[in-house]
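Novice: Listed here are the chains, written in short residue letters.
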Amino acid sequence: MSGPVAAAATEADLLAARTQMALSLGWHIVLACLGVAMPALTLLAEWRGHRTGDDHYRLLARRWARAMGVLFAVGAVSGTILSFEMGLLWPGLMGTYGEVIGLPFALEGVAFFIEAIFLGIYLYAWDRLPPVPHMLSGVPIVIAGVASVFFIVSANAWMQQPTGFTAEGGRIVAVEPWRAMFNPATPPQTVHMILAAFMVAGFLVASVYAVAMLRGRRDRYHQVGFLLPFTVAAVLTPVQIGVGDWAAHFVASNQEVKLAAMEGLYPTGRGVPLHLGGVVIDGELRYSLDIPYGLSLLAHWDPNAEVTGLNEVPEQDRPPVNIVHWAFQIMVAIGFALLALGIWLGVYWWRRRELPRTRWFLRASACAGVAAVIALEAGWVVTEVGRQPWIVYQVMRTSEAVNPAPGLVWGFVLLCVVYLVLTVATVYVMRRLARATPVPIAPQERDVTEYKVV
Amino acid sequence: MPLQEILLAVLWVGLTAYVLFGGADFGGGVWDLLAGGAERGRPQRSLVEHSIGPVWETNHVWLIFVLVITWTGVPSVFAAIASTLYIPLTLVAMGIIARGAAFAFRKASTEPWQQRLFGATFAFSSLVTPFFLGTVAGAIASGRVPPGIAKGDLVTSWVNPTSLISGALAVGTAAYLAAVYLTRDAERGGRTELAEQFRRRGLIGGAVVGVLSAGGLVVLHADAPRLFTELTTGRGLPLLVLSVVAGVASLALLWWRVYLAVRVTAALAVVGLLWGWGLAQYPELLPGVSLRQAAATDTVLASVLGALALGALLLLPSLWWLYSTFQRGEESPAASE
Numbered sequence: 000m001s002g003p004v005a006a007a008a009t010e011a012d013l014l015a016a017r018t019q020m021a022l023s024l025g026w027h028i029v030l031a032c033l034g035v036a037m038p039a040l041t042l043l044a045e046w047r048g049h050r051t052g053d054d055h056y057r058l059l060a061r062r063w064a065r066a067m068g069v070l071f072a073v074g075a076v077s078g079t080i081l082s083f084e085m086g087l088l089w090p091g092l093m094g095t096y097g098e099v100i101g102l103p104f105a106l107e108g109v110a111f112f113i114e115a116i117f118l119g120i121y122l123y124a125w126d127r128l129p130p131v132p133h134m135l136s137g138v139p140i141v142i143a144g145v146a147s148v149f150f151i152v153s154a155n156a157w158m159q160q161p162t163g164f165t166a167e168g169g170r171i172v173a174v175e176p177w178r179a180m181f182n183p184a185t186p187p188q189t190v191h192m193i194l195a196a197f198m199v200a201g202f203l204v205a206s207v208y209a210v211a212m213l214r215g216r217r218d219r220y221h222q223v224g225f226l227l228p229f230t231v232a233a234v235l236t237p238v239q240i241g242v243g244d245w246a247a248h249f250v251a252s253n254q255e256v257k258l259a260a261m262e263g264l265y266p267t268g269r270g271v272p273l274h275l276g277g278v279v280i281d282g283e284l285r286y287s288l289d290i291p292y293g294l295s296l297l298a299h300w301d302p303n304a305e306v307t308g309l310n311e312v313p314e315q316d317r318p319p320v321n322i323v324h325w326a327f328q329i330m331v332a333i334g335f336a337l338l339a340l341g342i343w344l345g346v347y348w349w350r351r352r353e354l355p356r357t358r359w360f361l362r363a364s365a366c367a368g369v370a371a372v373i374a375l376e377a378g379w380v381v382t383e384v385g386r387q388p389w390i391v392y393q394v395m396r397t398s399e400a401v402n403p404a405p406g407l408v409w410g411f412v413l414l415c416v417v418y419l420v421l422t423v424a425t426v427y428v429m430r431r432l433a434r435a436t437p438v439p440i441a442p443q444e445r446d447v448t449e450y451k452v453v
Numbered sequence: 035m036p037l038q039e040i041l042l043a044v045l046w047v048g049l050t051a052y053v054l055f056g057g058a059d060f061g062g063g064v065w066d067l068l069a070g071g072a073e074r075g076r077p078q079r080s081l082v083e084h085s086i087g088p089v090w091e092t093n094h095v096w097l098i099f100v101l102v103i104t105w106t107g108v109p110s111v112f113a114a115i116a117s118t119l120y121i122p123l124t125l126v127a128m129g130i131i132a133r134g135a136a137f138a139f140r141k142a143s144t145e146p147w148q149q150r151l152f153g154a155t156f157a158f159s160s161l162v163t164p165f166f167l168g169t170v171a172g173a174i175a176s177g178r179v180p181p182g183i184a185k186g187d188l189v190t191s192w193v194n195p196t197s198l199i200s201g202a203l204a205v206g207t208a209a210y211l212a213a214v215y216l217t218r219d220a221e222r223g224g225r226t227e228l229a230e231q232f233r234r235r236g237l238i239g240g241a242v243v244g245v246l247s248a249g250g251l252v253v254l255h256a257d258a259p260r261l262f263t264e265l266t267t268g269r270g271l272p273l274l275v276l277s278v279v280a281g282v283a284s285l286a287l288l289w290w291r292v293y294l295a296v297r298v299t300a301a302l303a304v305v306g307l308l309w310g311w312g313l314a315q316y317p318e319l320l321p322g323v324s325l326r327q328a329a330a331t332d333t334v335l336a337s338v339l340g341a342l343a344l345g346a347l348l349l350l351p352s353l354w355w356l357y358s359t360f361q362r363g364e365e366s367p368a369a370s371e
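So the sequences go chain by chain: B and W.
Numbering follows our numbering, with no gaps: position 26 of the first sequence is 25.
Each position in the second sequence, counted from 1, maps to that position plus 34 in our numbering.
Hints may be right or wrong, so weigh each one.
What the hints assert, rightly or not - FRET-style restraints, in silico, Cβ to Cβ:
(1) W:290 <-> B:127: 31 to 41 Å
(2) B:310 <-> W:351: 30 to 40 Å
(3) W:347 <-> B:345: 42 to 52 Å
(4) B:167 <-> W:255: 18 to 28 Å
(5) W:347 <-> B:283: 56 to 66 Å
Unchecked claim - One-sided and incomplete, this derived list gives chain B residues near chain W with beta-carbon spacing under 8 Å:
(6) 68
(7) 72
(8) 76
(9) 112
(10) 173
(11) 219
(12) 404
(13) 419
(14) 421
In case anyone wonders, no lab produced these hints; they're calculated from the structure.
Predicted model, so just to flag it, every value in this text is computed and none were measured.
By construction, the Cβ of each residue, glycine as well, lies at the ideal position given by its N, Cα and C atoms.
Given the sequences, and given the hints that come with them, work out the whole structure.
Specialist: The structure is reproduced here in structure tokens:
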């Protein structure tokens with residue numbers, strides 16, 4: 000049997016395939032974050048409601064559960080598309096390495112099963128189960144959700160640090176699946192992504208209530224709805240910055256070209272400055288603000304450490320520098336801005352036990368949700384575009400993995416249309432859900448009319 | 035039994051579960067499409083929604099399970115199928131997005147025009163998605179997916195007699211299973227009149243599937259003679275007989291309104307068809323490619339199967355809890371509106 004080496008695809012088809020993957024992954028990743036972290040927020044609200052008897056929390060839980068049901072459905076189908084696309088777009092990758100990274104995907108399948116099963120129970124059995132068992136039925140969703148992220152991202156980490164297999168003449172002859180799954184990039188990448196999921200969901204949900212408060216609805220329901228998710232996200236932000244530093248160190252030691260692209264660094268050198276901003280023109284970073292010794296210090300804890308530049312590798316082995324550089328800057332900047340916002344609330348709360356009185360705080364919080372999503376996307380761009388031109392780092396090029404069948408461009412166009420409609424419909428339905436008062440009554444949710452608030 | 039065979043069996047179990055559960059959810063969408071105008075179709079639509087709401091996501095995961103097992107267990111076969119059949123598979127992917135999202139959106143919307151729009155999207159994609167999945171099955175069964183990447187014809191590989199009849203059979207089977215399941219759901223909810231409607235639809239659906247299956251054999255005879263021979267005289271024969279007997283029994287049971295037992299026979303009829311195909315084609319996965327040649331290394335198979343076995347310890351009780359929670363006696367969905 001011939002090895003699955005593909006005939007060449009055209010440049011346009013390769014670009015279409017890459018953009019299609021980027022679009023569908025970039026879309027799914029937001030939904031996945033919400034799917035993983037919203038159950039935790041909802042459970043937290045339900046638990047507080049149960050403990051304190053405060054109906055505001057119970058109504059919040061009810062509303063978030065409804066939103067979570069819709070978001071989970073959209074996340075599930077957009078995730079399914081990805082598993083199709085693995086084969087439709089990248090048969091060269093899957094044909095050879097499918098077995099190497101199959102284990103985490105199989106485990107993710109189990110985790111996703113658990114999520115879907117308990118989500119069905121949690122959402123639909125609200126009035127069939129007593130309060131405590133009902134809350135407990137939500138716990139597996141959270142655990143399985145976090146496990147899902149771990150498994151999926153460990154497969155991605157393998158693409159960054161491929162280990163655990165022996166290849167001979169393009170064929171895999173031996174595999175150590177557990178070693179492939181627990182490759183060196185797995186710990187920093189998975190932790191970074193799990194925290195990102197909770198930050199995105201926390202800031203996004205909080206921003207909805209910040210907007211409502213800006214419109215004058217400052218009752219307890221909205222305050223609680225803001226504080227609970229915001230606190231979760233704000234507490235995790237400094238942790239995330241620490242983990243981000245760990246991840247960056249990992250890249251510095253293991254993917255030097257990616258780090259060089261993140262920093263727009265061309266010549267290798269010692270005592271390298273940190274570049275803020277700037278644009279790469281003709282193989283040189285211009286107009287950047289440089290902090291002396293900054294990069295050497297940050298990357299290797301030594302102001303005189305040597306940092307490899309892009310000049311060390313031929314041009315066809317370099318990722319698109321401007322995209323990676325800017326994505327990295329945006330992610331870091333937003334991370335620190337979110338940290339500042341959390342500190343703002345923390346200090347004010349510590350002194351006065353209330354939200355900051357200035358509207359600027361609410362305005363900033365209203366933006367925090369979108370900002371967190373932008374940081375998420377930017378971070379993912381750093382990881383994935385920074386790996387180019389390799390689909391499997393230094394093992395297989397993206398151009399070798401792509402489906403050589405003609406016409407991928409049309410699939411991409413079709414997908415764009417579908418995603419456009421899907422985005423509009425999702426936003427529309429979520430807005431309707433947020434506004435509907437009282438909470439629309441589904442057949443399984445009769446007792447919701449008994450809630451006294453709002 | 036060697037690991038490769040176990041893996042293939044697990045894959046086929048996953049496929050069977052997807053057809054029996056996920057397929058029925060598609061079928062629910064087909065009946066939704068045929069339920070008639072907004073007022074007249076309301077009771078049927080609400081029964082469909084009520085029945086599949088809590089379980090469709092779980093049922094859908096079987097498909098992901100099948101995909102993952104395929105690329106892990108027989109990676110080159112997965113690559114060959116996905117690259118040659120990327121047109122119908124892309125359409126399947128779109129259908130899955132449209133269907134799942136529209137179903138969730140319809141549940142969350144309150145205004146009639148939205149419910150109608152999302153409902154129509156849900157119903158229409160429920161019809162086309164199994165059709166394209168069926169054409170994919172037909173392409174593989176008739177040996178039109180050669181090994182290697184994108185080596186098959188991008189169009190005739192899935193636009194051919196076997197694929198088209200498989201597509202029709204997939205839609206028919208889905209609709210038939212759904213009608214059978216919904217009959218019992220309606221009866222349990224005390225909605226005798228709805229149960230009668232779905233009983234009638236089940237009888238018609240079953241007859242159509244029977245005719246399509248017979249037609250399928252004729253098509254196979256001309257279009258995929260090897261598979262035909264194995265199915266009618268070789269290893270696949272007992273399963274084919276099982277399928278026919280169970281199918282005929284189902285029609286009788288439906289006629290006599292034995293709604294619980296007919297679930298079993300209807301499922302058996304479908305299982306017979308699926309496993310008959312599998313056995314008839316075994317051990318060749320693609321033309322000239324046997325299971326042995328295509329299978330991943332034993333270490334991979336062992337760890338994946340081990341992980342799935344452990345996973346099953348968590349999954350089976352959970353699945354049991356899910357289905358038993360929503361299949362216990364309850365009042366009718368319509369009564370609560």
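Novice: Take the hints in turn and mark each one as holding or not.
Specialist: Do the hints match the structure? See the list:
1. Judged by the Cβ atoms, the range 31 to 41 Å given for residue 290 of chain W and residue 127 of chain B holds: they are separated by roughly 32 Å.
2. The hinted range of 30 to 40 Å is not satisfied by residue 310 of chain B and residue 351 of chain W, whose Cβ atoms lie roughly 59 Å apart.
3. Range check, residue 347 of chain W to residue 345 of chain B: Cβ separation about 44 Å, and the 42 to 52 Å hint holds.
4. Under the hint 18 to 28 Å, the C-beta atoms of residue 167 of chain B and residue 255 of chain W, about 44 Å apart, miss the expected range.
5. Our hint of 56 to 66 Å for residue 347 of chain W and residue 283 of chain B holds, since their Cβ atoms are close to 59 Å apart.
6. Contact between residue 68 of chain B and chain W, as hinted, is supported at the beta carbon level, the nearest pair being about 7 Å apart and thus within 8 Å.
7. Because the closest C-beta pair between residue 72 of chain B and chain W is about 4 Å apart, less than 8 Å, the hint holds.
8. Checking residue 76 of chain B against chain W: minimum C-beta separation of about 4 Å stays under 8 Å; hint holds.
9. Evaluation of the residue 112 of chain B hint against chain W yields a held restraint, the C-beta minimum of about 5 Å falling below 8 Å.
10. Among the interface hints, the one on residue 173 of chain B holds; its C-beta lies about 6 Å from the nearest C-beta in chain W, closer than the 8 Å criterion.
11. The interface hint given for residue 219 of chain B is violated, since its Cβ lies 26 Å from the closest Cβ of chain W, which is over the 8 Å cut-off.
12. With 8 Å as the threshold, the beta carbon of residue 404 of chain B comes within range of chain W, its nearest partner Cβ sitting at about 4 Å, so the hint holds.
13. The interface hint given for residue 419 of chain B is broken, as the beta carbon of that residue sits about 12 Å from the closest beta carbon of chain W, more than 8 Å.
14. Proximity of residue 421 of chain B to chain W holds as hinted, the smallest CB-CB distance being about 6 Å (cut-off 8 Å).
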